[in-house]
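The hints should help you fit chain B onto chain A, whose structure is shown.
Going down the list, the sequences are from chains A and B. The first sequence lines up with residues 1 to 160 when you count with the numbering used here. The second sequence lines up with residues 1 to 160 when you count with the numbering used here.
Just to be clear, a hint being listed does not mean it is correct.
[To be verified] Facing chain B, a subset of chain A residues (Cβ under 7 Å, in silico):
no., residue
1, 10
2, 25
3, 27
4, 64
5, 153
Quick caveat, the hints were computed from the structure, so don't treat them as lab data. All residues carry an ideal CB built from backbone N, CA and C; glycine is no exception.
There are 2 protein chains.
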Amino acid sequence: MTPEQSVVATAVQAWTMNIERADKLFSSMSDEQLLRELAPGKNRLVYLWGHLVAVHDAMLPLLGLGQRLHPELDAAFLTGADRAVAELPSAATLKRQWDEVNARLLAGFSTFSASDWAQKHTVVSEEDFAVNPLRNRLAILLSRTGHVAYHLGQAVLAPK
Amino acid sequence: MTPEQSVVATAVQAWTMNIERADKLFSSMSDEQLLRELAPGKNRLVYLWGHLVAVHDAMLPLLGLGQRLHPELDAAFLTGADRAVAELPSAATLKRQWDEVNARLLAGFSTFSASDWAQKHTVVSEEDFAVNPLRNRLAILLSRTGHVAYHLGQAVLAPK
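Chain A extracted, bound-state conformation (with noise of 0.2 Å):
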């Protein structure tokens, strides 16, 4: 393994370890456990849960994976707050979609070499690139690793 190759494994591992730490939590939860606040009036466990697939299927296009699978998310996780959209779909629902997603997005990362990473996200320009080249597509899986990780952090402290 060449450290070219090393570096970037490692950074599919970190995003790998932080959805299987996410899954185990989230998967293992009722629709009724899911509707738990954080702590009152704050979001729900559902919200960050179907706020990560949302944000993880919007990757897709933004890694220059393909289209959007679940843009009717959006709605009920992304662009409003928890409760602007009344009917949420099930925990099925919501497991059978977050595998789909980080699914098809691991498919794309095992393609990509440490040159594919460095290359420019989809809604960067061509100039915004050049003028700062870490606008690339590795920042856009460390900054998503990240946020897999806030909102686990606070998804932990959830009353039991």
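Leaving out everything else, chain B in the frame of chain A:
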């Protein structure tokens, strides 16, 4: 910038961004504000901050960047739970230690090439590293970056 350099610089940038977010949050708090709990009976903000300083301090030897600067923090913030130690450093002291430890780390990171990041960290054996080359320095950096994000997610939930 080669892909290899870009990938490594992107990882250090993700670390730095999380450090800056945590700095902005914790450094602005008074001693009194730091004594707030995340939620009734949960950790206090001062514990999270001191915990981050202690964990980052321990990264120095782990990454081969020298001895620890503040092992005295462990009893209050790492080996014990919150409130295990009655007398805690002031906000001003924690801020000085936080800045000192993170500056020392960043100075070290700036000397690391992709090849340096891909080397084993100091706690894994040569034998174990041969089996799993992803037990490298970069894995520590990414894991600790996620660790900052995890506790940041918690810290923002503390009642204002």
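How the hints compare with the structure:
1. The beta carbon of residue 10/A comes within 5 Å of a beta carbon in chain B, closer than 7 Å, and the hint placing it at the interface holds.
2. Below 7 Å, beta-carbon pairs count as interface contacts, and residue 25/A has none with chain B, the closest being about 12 Å; its hint is therefore violated.
3. Among the interface hints, the one on residue 27/A is violated; its C-beta lies about 19 Å from the nearest C-beta in chain B, farther than the 7 Å criterion.
4. Because the closest C-beta pair between residue 64/A and chain B is about 16 Å apart, greater than 7 Å, the hint is violated.
5. Taking 7 Å as the C-beta contact cut-off toward chain B, the hint placing residue 153/A at the interface holds, the least distance being around 4 Å.
When the structure is compared with the earlier hints, violations turn up for hints 2, 3 and 4 and for no others.
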